[in-house]
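Colleague: As given, the protein sequences belong to chains F and W, one line each in that order. Here our numbering is used: the first sequence runs in plain steps of one and ends on residue 430. Here our numbering is used: the second sequence runs in plain steps of one and ends on residue 798.
Any given hint might turn out to be false.
[Stated by the list, open to error] SDA-like mimics (lysine to any residue), calculated; alpha carbons at most 25 Å apart, straight line: (1) W:LYS506 - F:ASN339; (2) W:LYS506 - F:ASN311; (3) W:LYS506 - F:ARG184; (4) F:LYS284 - F:ILE223; (5) W:LYS472 - F:ARG315; (6) W:LYS472 - F:ASN311; (7) W:LYS786 - F:ASP344; (8) W:LYS550 - W:ARG561; (9) W:LYS786 - F:ASP185; (10) W:LYS786 - F:GLY65; (11) W:LYS786 - F:ARG184; (12) F:LYS286 - W:SER482; (13) F:LYS284 - W:HIS485; (14) W:LYS483 - F:HIS291; (15) F:LYS286 - W:GLU730; (16) F:LYS246 - F:GLY65; (17) W:LYS506 - F:GLU343; (18) W:LYS483 - F:SER274.
[As the list claims (entries may be wrong)] Some chain W residues near chain F, calculated using beta-carbon distances under 7 Å: (19) LYS483; (20) LEU486; (21) PRO726; (22) TYR727.
To be clear, the hints were calculated from the coordinates, so they are not data collected in a lab. For glycine and all other residues, C-beta sits at the position ideal for the given N, C-alpha and C.
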Amino acid sequence: MIRCHLLNGEFGDREFNDFTTIADVIDHNRRYLQEMPLDVIIELLARLGKKLIQNPDLNSLPGVGYLSIWLRRKNLEQICRINYGDCRYLDTFVPVNNHFEMSAQPRGIVCQWVAANIPTLAFFSLAQAILSKNGSIAKVPEENRALITAILKELSDTAISCNGTTYRGEDIVGAISLVSFEGRDTEVSRMFSLTADCRVVYGGSAAIRSILALPQKEHCETIVFGPKYSFGVFDREYIESERFEKALEDSVKDIVIFNQMACSSPQVLFFEKSRYSLEEIGLKMKGYFEHLPPALRHQDTDPAILASIINARSRYLLSDHQNIITPADLSWTILMDSNLRLEDPIHGKCIFIKEIGSTDEVFDLITRKIQAITLCIHDEERRRAFAREATYRGVDRIVIPGAIHDYDQPWDGILPLNRLVRWVILKNES
Amino acid sequence: MMLTPTDGLNDLLQQPAYALPDDEKKQVLLLIIRDQLEGAIKNNHHLASLFSKLHLSPEGIGRLEDVPPLPVQMFKYFDLRTCPEDQIAKVLRSSGTTTGITSRVPLSKNTTMNQVKALKAILKEYLGEKRRIFLVIDHEGINDPILEFSARTAGVRGLSIYAKKVFYLMREEDGKLVLNLPVIEELLSRYQDEAVYVFGFTYIIWSTFYNQIKEKGIRFNFRDVKIFHSGGWKKLKTGQVSKEYFSDEIARIFGTTRENVLDFYGMAEQTGIIFVDCEYGHKHVPNFAQVIIRDPYTLEPCGNNEVGMIEVMSVLSDSYYCQAVLTEDMGYRVGVDDCPCGRKGVYFRFQSRIEKVEVRGCGDTFRE
């Protein structure tokens, strides 16, 4: 059984046995989106961003502040430019030479399996489908549905005038449907997959594997944002420079955001041996954790994660060459040792910090699952060389502390908007 | 005369298991635990490391709540022996149900003796003075000493100390449990006027024994019967079976009433202590143990009716760290000293296991 929470611009729950009706409505309504100039779409989304930050009911909700910044016109234009090269491709045929023109057409209906770990993830996903003029059917986790619905209602109430024409956000929302169904229901999952002209999948290994095993249309494109891992690296010179304190403070913020549940959340910080002992560095971090605002310091954490934190703390207390720095409660945890390895994520602001002999030692730890490294190497040339090698080995993003969660494009090594469109050509006789 | 910790423990084991008011018990336990922790730190560098990193010394511990609890998982990763190695008589290996990694619990003769005495003291409160016929709702192979300890074997081995004769009501056939009909027929024809006690793993009682015995229309009618069961409520709840319905149905099979069907809570790492339901459905803590319910986030002790992680403290072992073990079970304290059943001390209820979290996102692994 499929529960549909948004269809044809109407918010409210309806039940369906299959996706036929939903797909028909979305397929019909996506024509209005396709006819809207990309610049207008960007302006409507940018207006939404401003409205979100001004709405007291929404602006304090997790991730909404960042979303409103991400929706700035300048950022959206940059995203489109990076993905499409020339934004005109979305609206018309653009000459490549005298006989050859190119354009980007939406793929059609984008079915999205959205993970629960980031409250605003569904909207980021929908925004990319909008910026590529696709219709969307998104399977949104129940716990985040109210937030996404509220954002889409704001978009629905947004309108702009351009060259005498009024463009309405409701035409964008009309091309979106929010659904929910039991993921273990293989028949419904199969129907959902077969509805898609493009599948966008977010999640951990098990979820990704089961969704990829579903049948799909022959022409269907699949974009996977799968399991990833992030960490940080600091070299000696950087640690001993005046930049270090700020970088450490920003690294703590990176750990805290999303309660360390995102693929971009750092799980381990490696520190090259320096004049500061690992314990001294840990104590500096302790200060930043202690000064977190209560809403960030105390975030809802699953009891199983709390049990994992308790276990990790005890393991480090019982081991001879490991130690911990913790408060009395489980709001954050620093686990210290010098074992050169990545650690299984515990989440809930539980950070492993490790002393290493040289930053180059971490190269052998890099797999294709590494999404981001916050790289603090003092010498710019050395930093670039490290980045070149690390990205060759599999890292997708080399970033600075405080920016690890910035939803940049490309993401996970992918230019998503580029893959959400079909590149089409028009050849002319003369 | 000054009471020594050893005197204190012997004294606790000789008294009726639920006789001591909580305040009085806490003082006695603290004295014994401090003494046991001195030995633990001396004999185990892991524990010495833990106390040193926490800047804690046994004599500095002023309350039972301040004894550092070790998560039960630590028995899988560390040797938590607290006595010299030559005093270890055997190592109990408990098979893990989720991780597959085995817990190791080193037992000295003294510890084993204390555990037996403790269990007898507890069972005496429910079964009276005399040994009884013991009916096991499982197959005989479950008690094979070669097998690793599991929740199933723990109950059978532990409870058998009160048995004058043991009967296994099930047998294995092609890897499946089926009724052991010759034994059941023998019981029906020769032992109906006896007092018996029964033990089975909750899920096995329900999923195999109950269905098969109902199908055959068999009813027992013993002179006196107590049915103990433990573990496996989650699977029953999935099947929409309430504790009350379970108790009524099983009581009917044995010709008794719901009050004689006793759920208990226990673990291999705290052998010797089981927390049996009283007639009011409360699990009681005996003299030689304590239960603290801790808030899983603040780790502070919870008040009555606040759900938290169950920590089990014990003074039975001088050979491993049993003094404070934090389980991955959730429960809540119902009260202290004032259960209508008359038993003193803390009484609580088990609520659920902490289920392994399913990572619902993309930040889960670095392995390819």
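Colleague: All hints, please: hold or fail.
Modeller: To see whether the hints hold, each was checked on the structure:
no., hint, result
1, W:LYS506 - F:ASN339, "holds, 21 Å"
2, W:LYS506 - F:ASN311, "holds, 11 Å"
3, W:LYS506 - F:ARG184, "violated, 33 Å"
4, F:LYS284 - F:ILE223, "violated, 40 Å"
5, W:LYS472 - F:ARG315, "holds, 19 Å"
6, W:LYS472 - F:ASN311, "holds, 23 Å"
7, W:LYS786 - F:ASP344, "holds, 14 Å"
8, W:LYS550 - W:ARG561, "holds, 10 Å"
9, W:LYS786 - F:ASP185, "holds, 22 Å"
10, W:LYS786 - F:GLY65, "violated, 32 Å"
11, W:LYS786 - F:ARG184, "holds, 18 Å"
12, F:LYS286 - W:SER482, "holds, 20 Å"
13, F:LYS284 - W:HIS485, "holds, 20 Å"
14, W:LYS483 - F:HIS291, "holds, 24 Å"
15, F:LYS286 - W:GLU730, "holds, 21 Å"
16, F:LYS246 - F:GLY65, "holds, 22 Å"
17, W:LYS506 - F:GLU343, "holds, 18 Å"
18, W:LYS483 - F:SER274, "holds, 24 Å"
19, LYS483, "holds, 5 Å"
20, LEU486, "violated, 10 Å"
21, PRO726, "holds, 4 Å"
22, TYR727, "holds, 5 Å"
Violated hints for the displayed structure, listed by number in ascending order: 3, 4, 10, 20.
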